[in-house]
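Peer 1: If you read the sequences in order, they're chains A and B.
Note that this note's numbering has the first sequence beginning at 831, numbered continuously upward.
Note that this note's numbering has the second sequence beginning at 951, numbered continuously upward.
These are computed hints drawn from the structure, not numbers from a lab.
Treat the hints with caution; some may be incorrect.
[Claimed, not checked] Pairwise CB distance ranges (calculated):
id	chain 1	residue 1	chain 2	residue 2	range
1	A	L1142	B	G1017	19 to 29 Å
2	A	G1065	B	G1075	38 to 48 Å
3	B	K1107	A	A852	32 to 42 Å
4	A	M1130	B	W1326	39 to 49 Å
5	B	G972	A	E843	51 to 61 Å
6	A	E843	B	P1030	27 to 37 Å
7	B	F1264	A	V851	27 to 37 Å
8	A	A1177	B	G1017	50 to 60 Å
9	B	G1017	A	M1130	41 to 51 Å
10	A	E996	B	E1074	37 to 47 Å
Here the structure is a predicted model, which means the values were calculated and not measured.
By construction, the Cβ of each residue, glycine as well, lies at the ideal position given by its N, Cα and C atoms.
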Amino acid sequence: MASIKHKNAKRIEGLDKNVWVAFTSVAADPSIVNLGQGYPDIPPPSYVKEGLAQAAMVDRLNQYTRGFGHPTLVKALSKVYGKVYDRQLDPFKEILVTVGGYGSLFSTMQALVEEGDEVIIIEPFFDCYVPMVKMAGGRPVLIPLRLKSSPAATSVSSADWVLDQEELASKFNSKTKAIIINTPNNPIGKIFSRSELQAIADLCIKHDTLCFSDEVYEWLAYKGHEHVKIATLPGMWDRTITIGSAGKTFSVTGWKLGWSIGPDHLIKHLQTVMQSSLYTCPTPLQEAVGQGLLRDFELMGKPDCYFTSLALELEGKRDRMAAMLRQTGMTPVVPEGGYFMIVDVTALNQDLSHMGDDEPYDYKFVKWMIKEKKLASIPVTAFVGEDSVKQFEKYIRLCFIKQESTLDAAEAILKSWNKG
Amino acid sequence: MVFFLIMQGNMSRKLHARRIEGIDKNTWVEFSQLAADYKAVNLGQGFPDFSPPHFIQEAFCKALNGGFSKHQYTRAFGHPNLVKILAKFFGRIVGREIDPMEDILVSVGAYQALFCTFQALIDEGDEVIIVEPFFDCYQPMVMMASGTTCLLDLRLKCCGPVLSSADWVLSPEELASKFSPRTKAIVINTPNNPLGKVYQQEELQMIADLCIKHDVICISDEVYEWLTYDGTKHVKIASLPGMWEHTVTIGSAGKTFSATGWKVGWAMGPGHILKHLKTVHQNSVYHCATAAQEAVAVGFQREYDVFGSEESYFHQLPIHLHEKRLRLADCLKSVGLKPVLPQGGYFMIADISNLNVDLTDPSTKDEPYDYRFVKWLIKEKGLATIPVSAFYSPEHKDQFQKYIRFCFVKEDSTLQAAEDILRQWSDSK
């Protein structure tokens, strides 16, 4: 019998459930076409893999490196982002390397959020934001993106999902410590425009709050859309932590390296969390990412640059997926960025009443689709709070950073949808 | 005040969370920087300066060429190949069936396993007994989890001409007195960093009896478990009767395979405790890097097959280090330092009180003697070590200022360079 003393600490109460644990094991079945969890089944660029192989051969690179980030990597980051931000970035004081974008989010919350703090989160949100705010003792305050065009329209874009400005302003008060934004957004793929970011910035400055900007998909902005960094807006550098990811940048999610960039007076607190939680990230991986970044820095703006070529490759896949989905009668929301697409399944009129009513519609649909159609996706209500479930329960999320053979298999399933 | 606000970028409120107050200073950050700045011969931080064994490097190369899946997310709580072999390997050692999916969590180094353990189990009001000297992160981690540290010192029981880490012991009465109704956990580290003490079965039994009596969890940091010398046996407290249910055992691939930069570690214990560590893990880093886990799995499979034989790395490494340990001890003795011969681990401490060095550097005048000595040794002699009072709580630092720590897990050329520096210094006195 488990003793009372072996009970969990209060900070993790209620945080044990997780949508990925539920759905990723199902999708491990090879007969299922997996468009669920967000990772590429395309190979990473060869020079990145080679960089790792080379690093592993150097004795020193198999041992501990600098805790806050391997020098080769932080210097490369300061070069690349120095150009993007158009400012001098101190590699040792304004950058922290973490275990994935996830680790940056965690370090940020643990460093800067505590009991009594409110943190504004925009729905739909990458699902870890709420548990992380709670684990830090903070209170999540949710606000949904709302579809502004008519739902009967045949072509919906992620740009059609917007924040109601009055509603947004009403969420800020004296307890608000920070707002989390994610652009390009997971799952919708929305890229916040400069004016949308300015509206958020104005509120941050007015209420003296921080901004945690999750920009892991920053290089994946499709034609006609520009990724804007909120930290570059006037007055925002000093109050923003911007998060990036090697996994998403170089299609190596299994490397789990990310970074936080921001002013010294904020980053130093994240560094304190780092030195008390895992101390340092793996060395050879950091060396390889640093070398990869230096290589692409030289090519920035040119079609050969991986940041550009990957976006071009994915735009084609995005358009192909949207077309496949439309054929079945579903309404895709075409994303401006990122590698996910959400799809409205209302028009299919799929009757799932036999599956009971203790779950939102999209959870049932996803399970039904895995079983009946052998196609895996993720329910979008996994990314929203209870109050917004009704607004999002007819949507599922599909990942399109997949090789052509995977998309072919998905297409075959979708083409025969109405025959099954 | 206004100037301060402007410096803060016009943010007028307190920004950082209370949980990080008082834990911003860090020994390693300070001393690693100093060693690098002065290009010192580095016997300070604990990492080998020789390469990992060939078979593990090969395993890593194979893994990263092993198809796209090795570069994408794997199972969050531990790559299947790795948890399965860890369960098999350690199950054979502790004599029980370990469930790879329920009883093991793979982490970013043993450091993160410790973090998950404290965050999962410690609340405000909980006491955690820490044995001094301790690996310096334990106390900040307890503080960050809002726990209260309850300190217990290893004490030198005798003072012969040759000191051994076995001469540092716990007083049974003092140990028992530290357990209270609020005690949630006790942290032990065997082999110990920095002393090199390897707890004997009787000592562990004494701790186990108290854990069972008071229903306390034992957090057992065993990262140096394969490094014992002179026939000393490493005993796993989790293998003592009744202790599996009360113990979280922490291990490290970095120390096991001389690849500290890979940052692969694990926590092992009963499912009902490990599930809480998993909750912390899934809300903090979620996944660990895939390729390194695959390589470590291959390494453990190889060691499982050759366990106990001469071919085993776990057999060869301690033999290799045994000589280096003796060599360093002899050198330290010859220059007037009094080394404490470690029974296990990577490190040796030495008593510096016989040396009469004029430490006039004004920048260090308020620091403990050993800190000042170490900084002097780096700056004036180009030799890096670590002050042992770094492994004591702020409350007790000034009682333990006369030891410095050397890492002997180094190439012979590094040890030779250190010896040359010490002999030159001794000859010039």
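Peer 1: Look at each hint and say if it fits the structure.
Peer 2: Going through the hints against the structure:
Evaluation of the 19 to 29 Å hint for A/L1142 and B/G1017 yields a pass: the beta carbon distance comes to about 25 Å. A hinted range of 38 to 48 Å holds for the C-beta pair A/G1065 and B/G1075, which are about 42 Å apart. Look at B/K1107 against A/A852: about 55 Å separates their beta carbons, and that is not inside 32 to 42 Å. For A/M1130 paired with B/W1326, a C-beta distance near 47 Å keeps the hint of 39 to 49 Å intact.
Range check, B/G972 to A/E843: about 26 Å between beta-carbon atoms, so the 51 to 61 Å window is missed. Between A/E843 and B/P1030 the beta carbons are some 29 Å apart, a value that agrees with the proposed interval 27 to 37 Å. Between B/F1264 and A/V851 the Cβ separation comes to about 34 Å, which falls inside the hinted range of 27 to 37 Å. Under the hint 50 to 60 Å, the C-beta atoms of A/A1177 and B/G1017, about 39 Å apart, miss the expected range.
At about 30 Å, the CB distance of B/G1017 to A/M1130 disagrees with the hint of 41 to 51 Å. The given range of 37 to 47 Å is respected by A/E996 and B/E1074, whose C-beta atoms sit roughly 40 Å from each other.
Consistency with the previously given hints fails for numbers 3, 5, 8, 9, ordered from lowest to highest.
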